[in-house]
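Trainee: Assemble chain E onto chain H, guided by the hints.
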Amino acid sequence: QSVLTQPPSVSAAPGQKVTISCSGSSSNIGKNHVSWYQQVPGAAPKVLIYDNDKRPSGVPDRFSGSKSGTSATLGITGLQTGDEADYYCGTWDTGLITGVFGGGTKLTVL
Amino acid sequence: QVQLQESGPGLVKPSQTLSLTCTVSGGSISSGDYHWSWIRQPAGKGLDWIGRINTSGSTNYKPSLKSRVTISVDTSQNQFSLKLNSVTAADTAVYFCARMHPLPGGTYDYWGRGTLVTVSS
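These protein sequences, in sequence, are chains H and E.
My numbering puts the first residue of the first sequence at -12, with every later residue one more than the last.
My numbering puts the first residue of the second sequence at 27, with every later residue one more than the last.
Here chain H stands alone, though its shape is the one from the complex (with noise of 0.2 Å):
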C-alpha cells in the first residue's frame, strides 16, 4: 500500500492529452514539493518534474506538473508512443519522516 495514489493504468491516444493524478495528506504533498518520474522497462526512473511544476533542461514542454493542497498532477500533451512507461511521483512525508512514492501510473499510447 503506498503512502501516495495514482490510478494503476492510463489510456490515450497519440496526439492526444493525458493526465495522472497523485493524492497524498497533509504531511507530504500538503508540506513539501512533488516530484514526477518517468521509468521505461529495464531502466532507472528518470525526473520529468521537480518543485511541483519545473522541468528540467532536456524534458519536452509538452510534459506539465501542477499542484493544490494534497494532490498533485502529471500532464501530457502530444502523446507520442515513445511516452509509454511507467510513471511516479514522489515527495517527503514530514510526519514519517521518509521518502514516499505512489503506487504507479503505466500508460499506455493506444
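Among these hints, one or two may not hold up.
Dumping the calculated DSSO-like pairs for lysine-lysine here, alpha-carbon to alpha-carbon at most 30 Å [said to hold, decoys possible]:
1. 92(E) with 33(H)
2. 92(E) with 71(E)
3. 41(H) with 18(H)
4. 18(H) with 4(H)
5. 93(H) with 33(H)
6. 33(H) with 109(E)
7. 71(E) with 39(E)
8. 18(H) with 71(E)
9. 39(E) with 92(E)
10. 88(E) with 71(E)
11. 41(H) with 93(H)
12. 39(E) with 4(H)
13. 92(E) with 109(E)
14. 93(H) with 4(H)
15. 4(H) with 33(H)
16. 41(H) with 71(E)
17. 109(E) with 39(E)
18. 41(H) with 4(H)
19. 109(E) with 88(E)
20. 71(E) with 93(H)
21. 4(H) with 88(E)
22. 71(E) with 109(E)
23. 4(H) with 71(E)
24. 88(E) with 18(H)
25. 33(H) with 71(E)
26. 18(H) with 93(H)
27. 18(H) with 33(H)
28. 88(E) with 41(H)
29. 92(E) with 18(H)
30. 88(E) with 39(E)
Looking from chain H toward chain E, a few residues come up when the C-beta cut is under 7 Å (computed) [stated by the list, open to error]:
31. 19
32. 37
33. 39
34. 86
Simulated from the structure, these hints should not be mistaken for laboratory data.
By construction, the Cβ of each residue, glycine as well, lies at the ideal position given by its N, Cα and C atoms.
Mentor: Frame of chain H, contents of chain E only:
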C-alpha cells in the same frame, strides 16, 4: 555530469546480509546539501524508499526496515553503502542509489542504473 553506480553481490542467501555500495563520480559527494538515498523496486512493482544519509552521517530509514538497515558514507572514497541484514525472499529487488535534493524539494535527480539482488539459497 554526476554519475552513480551500484555494486555488490547479485545473490544473497536467506538470513544473510545484503551489502551494496554506490560510487559517485563526476563530482564530490560532499558538494552541496544533498542526501544520498537507496530505493528498491521488486519485479513488476513500484518504487520502495529504503533510506538516506547526508555527508555528516545523519540518516533516516523506512520504519518497517529500520531494525535491519544501515546506510553509511565514506567521503574519502566518494561512496555510500547499504547493509540490510536478515534478508528474505521479500528483499529480492532491483536496488537503486540516487541523489536527493534538499527539502522542500526532495527530488531524486541522479540515479544509478540499478542492480538486481536475488535472495535465494
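Trainee: Has the given pair, residue 4(H) with residue 88(E), been kept, meaning a C-alpha gap of at most 30 Å?
Mentor: violated, 36 Å
Trainee: Under the criterion that the straight-line Cα-Cα distance not exceed 30 Å, is the pair residue 71(E), residue 93(H) satisfied?
Mentor: Distance ~11 Å between residue 71(E) and residue 93(H) Cα, so the pair holds.
Trainee: For the hint on residue 19(H), does the least C-beta distance to chain E fall short of 7 Å?
Mentor: holds, 4 Å
Trainee: Closer than 7 Å between Cβ atoms is the bar; does residue 86(H) clear it against chain E? Give me holds or violated.
Mentor: Because about 4 Å separates residue 86(H) from the closest Cβ in chain E, which is inside the 7 Å limit, the hint holds.
Trainee: Please verify whether residue 88(E) and residue 39(E) have alpha carbons no more than 30 Å apart.
Mentor: holds, 23 Å
Trainee: Check the hint pairing residue 92(E) with residue 18(H) against an upper bound of 30 Å on the C-alpha distance.
Mentor: Roughly 24 Å separates the two Cα atoms, so the pair holds.
Trainee: Quickly compare the C-alpha distance for residue 88(E) and residue 71(E) to 30 Å and report which way the hint goes.
Mentor: This hinted pair holds, its Cα atoms lying about 17 Å apart.
Trainee: Would the pair residue 41(H) and residue 4(H) pass a check requiring their Cα atoms to be no farther apart than 30 Å?
Mentor: holds, 19 Å
Trainee: Within a Cα-Cα threshold of 30 Å, do residue 41(H) and residue 93(H) meet the stated pairing?
Mentor: holds, 22 Å
Trainee: Please verify whether residue 71(E) and residue 39(E) have alpha carbons no more than 30 Å apart.
Mentor: holds, 22 Å
Trainee: Does the structure keep residue 88(E) and residue 41(H) at a Cα separation of 30 Å or less?
Mentor: holds, 27 Å
Trainee: For a C-alpha distance cap of 30 Å, please report whether residue 18(H) and residue 4(H) respect it.
Mentor: Answer holds: residue 18(H) to residue 4(H) is near 29 Å, not above 30 Å.
The earlier numbered hints that this structure contradicts are 12, 21, 33.
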